[in-house]
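**Student:** If you want the building blocks of each chain, they are given just below.
Number of protein chains: 2
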Amino acid sequence: MYKIKEVADMVGISVRTLHHYDEIGLLKPDSTTEAGYRLYSEKDLEKLQQILFFKELDFDLKTIKEILSNPNFDKRRALELHKQLLIKKRDRLNKIIECVEDTIESIERGIKMSKDNMFEAFDMSEIEKYKQKYAEETKQKYGHTDAYKESMAKTSKYTNKDWENIIQRQSEIYREIAELMDRTPDDEDVQRAVEKWRQHITDNFYYCTIDIFRGLGELYVIDDRFKNNINKIQEGLAEFLSEAIRVYCDRAEE
Amino acid sequence: MYKIKEVADMVGISVRTLHHYDEIGLLKPDSTTEAGYRLYSEKDLEKLQQILFFKELDFDLKTIKEILSNPNFDKRRALELHKQLLIKKRDRLNKIIECVEDTIESIERGIKMSKDNMFEAFDMSEIEKYKQKYAEETKQKYGHTDAYKESMAKTSKYTNKDWENIIQRQSEIYREIAELMDRTPDDEDVQRAVEKWRQHITDNFYYCTIDIFRGLGELYVIDDRFKNNINKIQEGLAEFLSEAIRVYCDRAEE
DNA sequence: CATAAACTATTACGTTACGTTAGAATCAAT
DNA sequence: ATTGATTCTAACGTAACGTAATAGTTTATG
Numbered sequence: 001m002y003k004i005k006e007v008a009d010m011v012g013i014s015v016r017t018l019h020h021y022d023e024i025g026l027l028k029p030d031s032t033t034e035a036g037y038r039l040y041s042e043k044d045l046e047k048l049q050q051i052l053f054f055k056e057l058d059f060d061l062k063t064i065k066e067i068l069s070n071p072n073f074d075k076r077r078a079l080e081l082h083k084q085l086l087i088k089k090r091d092r093l094n095k096i097i098e099c100v101e102d103t104i105e106s107i108e109r110g111i112k113m114s115k116d117n118m119f120e121a122f123d124m125s126e127i128e129k130y131k132q133k134y135a136e137e138t139k140q141k142y143g144h145t146d147a148y149k150e151s152m153a154k155t156s157k158y159t160n161k162d163w164e165n166i167i168q169r170q171s172e173i174y175r176e177i178a179e180l181m182d183r184t185p186d187d188e189d190v191q192r193a194v195e196k197w198r199q200h201i202t203d204n205f206y207y208c209t210i211d212i213f214r215g216l217g218e219l220y221v222i223d224d225r226f227k228n229n230i231n232k233i234q235e236g237l238a239e240f241l242s243e244a245i246r247v248y249c250d251r252a253e254e
Numbered sequence: 001m002y003k004i005k006e007v008a009d010m011v012g013i014s015v016r017t018l019h020h021y022d023e024i025g026l027l028k029p030d031s032t033t034e035a036g037y038r039l040y041s042e043k044d045l046e047k048l049q050q051i052l053f054f055k056e057l058d059f060d061l062k063t064i065k066e067i068l069s070n071p072n073f074d075k076r077r078a079l080e081l082h083k084q085l086l087i088k089k090r091d092r093l094n095k096i097i098e099c100v101e102d103t104i105e106s107i108e109r110g111i112k113m114s115k116d117n118m119f120e121a122f123d124m125s126e127i128e129k130y131k132q133k134y135a136e137e138t139k140q141k142y143g144h145t146d147a148y149k150e151s152m153a154k155t156s157k158y159t160n161k162d163w164e165n166i167i168q169r170q171s172e173i174y175r176e177i178a179e180l181m182d183r184t185p186d187d188e189d190v191q192r193a194v195e196k197w198r199q200h201i202t203d204n205f206y207y208c209t210i211d212i213f214r215g216l217g218e219l220y221v222i223d224d225r226f227k228n229n230i231n232k233i234q235e236g237l238a239e240f241l242s243e244a245i246r247v248y249c250d251r252a253e254e
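Going down the list, the protein sequences come from chains F and E.
So that you can map any letter, position 181 of the first sequence is 181 in my numbering, and since no number is skipped, the others follow by simple counting.
So that you can map any letter, position 27 of the second sequence is 27 in my numbering, and since no number is skipped, the others follow by simple counting.
Because the hints were derived from the structure by calculation, they are not lab data.
Hints are supplied without guarantee of correctness; some may be wrong.
If several chains are the same, the list does not tell them apart, and a pair holds so long as it fits within one copy or across any two.
As the list claims (entries may be wrong) - Calculated pairs, EDC-like style, for lysine to aspartate or glutamate (alpha carbon to alpha carbon, straight line, at most 16 Å):
(1) 3 to 172
(2) 112 to 46
(3) 55 to 66
(4) 232 to 98
(5) 115 to 9
(6) 115 to 46
(7) 115 to 42
(8) 83 to 101
(9) 112 to 42
(10) 115 to 44
(11) 83 to 98
(12) 83 to 102
(13) 65 to 42
(14) 115 to 6
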């Protein structure tokens, strides 16, 4: 058992930081003395290491908490993803180093750099994308389903452009359905749009069976992450879409 | 000339960020339209690139502003220091990657890692040290003086403990002088304390000639960085000390 | 064994670098 | 002429601690 400053010194963070982590429930000490002194165990140290890994990847504390508190959390898998992300970060740094070198050269030669070259290296979008996927993978409640895994396998092969196109197409369909929200979920046009949506999933993620599709439809209202995201397009769209998918699946199964 | 969103998109930052930089005076647009729209020039873009470089090294905006607004700012030199620091950061990342690998292995083999190995890689102190030196080097108005360079050469050799002792002794002397502030600057005891101060500089930084000492005394009230720092000990100490040094130097030169 | 030095706790306000509305004006394109 | 995108200012929100104040606890030392 370690006292708070021992931990702080060992790890290289401040006592206040540990207080803070306790406050927000990210890392509660194993126990306390009679006087209320915090006592940290070996386990706590391991968790703290995990936290530092996540912090290194610029995850916010709330997300770290969610990830670590997930009962399905797979430490081994997480570490491998950490490694990948860290490598990406390192590569980004290498790019920036190159950019600095280029800039030095451009000054010496008196040439101007193109704007692309000036700022390209700072781009974080790819890293952010992987972080998102990472957070999703580790957070998912349904991370064990085959459909999800197939999805992961497919999506990981996409390039930036592919991905943009998919997202683009996706919001097109969402918007199309949103436009039809004054109709009823069983309306012909609505159902045609739902069919498009299913096809989109099959084309880009995994073969979307009726069963999966039904589950997905439910997920859109049960899971706040999906729900909120969809309702960004149009308030109430998640509910509407979910209902329309239910109708679609009912009909398909006749 | 670019409008704000053009810049934001080109660089990959938000419009709000540019607003913010304008607010705090870090990056003011070259000009504005009649309607008050911000217009950014090529020069502004170059400066923005510099800002991003500094941000990549986790300098805070205030420090970046100070550095960039220094008329002696040497872009070329700065870029080289950037490069060095970035390389250090990359190496740190590499260490962390190794640490992740080790952790994976330790899990597989069921062995425990030593605490040192668990947390060593996260250490930022060396990078921070270099950052400090960097900030000092680029900020100094008197960075060209020999006294300053000698100081740099000496200080860079100190270990943490040495450094603490020096700082300790320094504030002792400051405090001693602060205690004497009810006397006049030419008071015997005050002058003795000033002598101690000069000796301290000679012992630890560089041979402090009367000329240098006189300049230093002026610096304490002219340069806000020194002034504010000294006045933290006691309001008005900077002015008092400065005057006492003037008296000291006048007497010494007779 | 007392007593100072070092640690710890809680509470609470401060800070940095923006994010996020909100409301109004301006511009670009149909 | 209107609509959608962009811009402005102003102002409050927030994340992850830092910092300061006050008070109780433990440990080292004369």
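**Student:** Next, verify each hint and record whether it holds.
**Tutor:** Okay, the hints, checked on the actual structure:
For the identical chains of this complex, residue 3 and residue 172 are neighbours neither inside a copy (54 Å) nor across copies (29 Å), given an alpha-carbon limit of 16 Å. Taking the closest pair of Cα atoms, residue 112 and residue 46 come within 16 Å of each other only across two copies (10 Å); inside a single copy the shortest separation is 50 Å, beyond that limit. For the identical chains of this complex, residue 55 and residue 66 are intra-copy neighbours only, at 13 Å inside a copy versus 29 Å across copies, given an alpha-carbon limit of 16 Å. For the identical chains of this complex, residue 232 and residue 98 are neighbours neither inside a copy (39 Å) nor across copies (41 Å), given an alpha-carbon limit of 16 Å.
For the homomeric pair residue 115 and residue 9, the shortest alpha-carbon distance between copies (11 Å) is at most 16 Å, but the shortest distance inside one copy (44 Å) is not. Taking the closest pair of Cα atoms, residue 115 and residue 46 come within 16 Å of each other only across two copies (9 Å); inside a single copy the shortest separation is 44 Å, beyond that limit. In this assembly of identical chains, residue 115 and residue 42 lie within 16 Å of each other by CA distance solely across copies; the values are 9 Å between and 50 Å within a copy. Proximity of residue 83 to residue 101 under the C-alpha cut-off of 16 Å is restricted to the inter-copy arrangement: shortest distance 8 Å between copies versus 27 Å within a copy.
For the identical chains of this complex, residue 112 and residue 42 are inter-copy neighbours only, at 10 Å across copies versus 55 Å inside a copy, given an alpha-carbon limit of 16 Å. For a Cα distance limit of 16 Å, the shortest separation of residue 115 from residue 44 across copies, 12 Å, qualifies, whereas the shortest one inside one copy, 47 Å, does not. Taking CA atoms no more than 16 Å apart as the test, residue 83 paired with residue 98 passes between copies only; the shortest distance there is 9 Å, against 22 Å inside one copy. Taking CA atoms no more than 16 Å apart as the test, residue 83 paired with residue 102 passes between copies only; the shortest distance there is 11 Å, against 28 Å inside one copy.
Taking CA atoms no more than 16 Å apart as the test, residue 65 paired with residue 42 passes in neither setting, with 19 Å inside one copy and 44 Å between copies. Taking the closest pair of Cα atoms, residue 115 and residue 6 come within 16 Å of each other only across two copies (12 Å); inside a single copy the shortest separation is 49 Å, beyond that limit.
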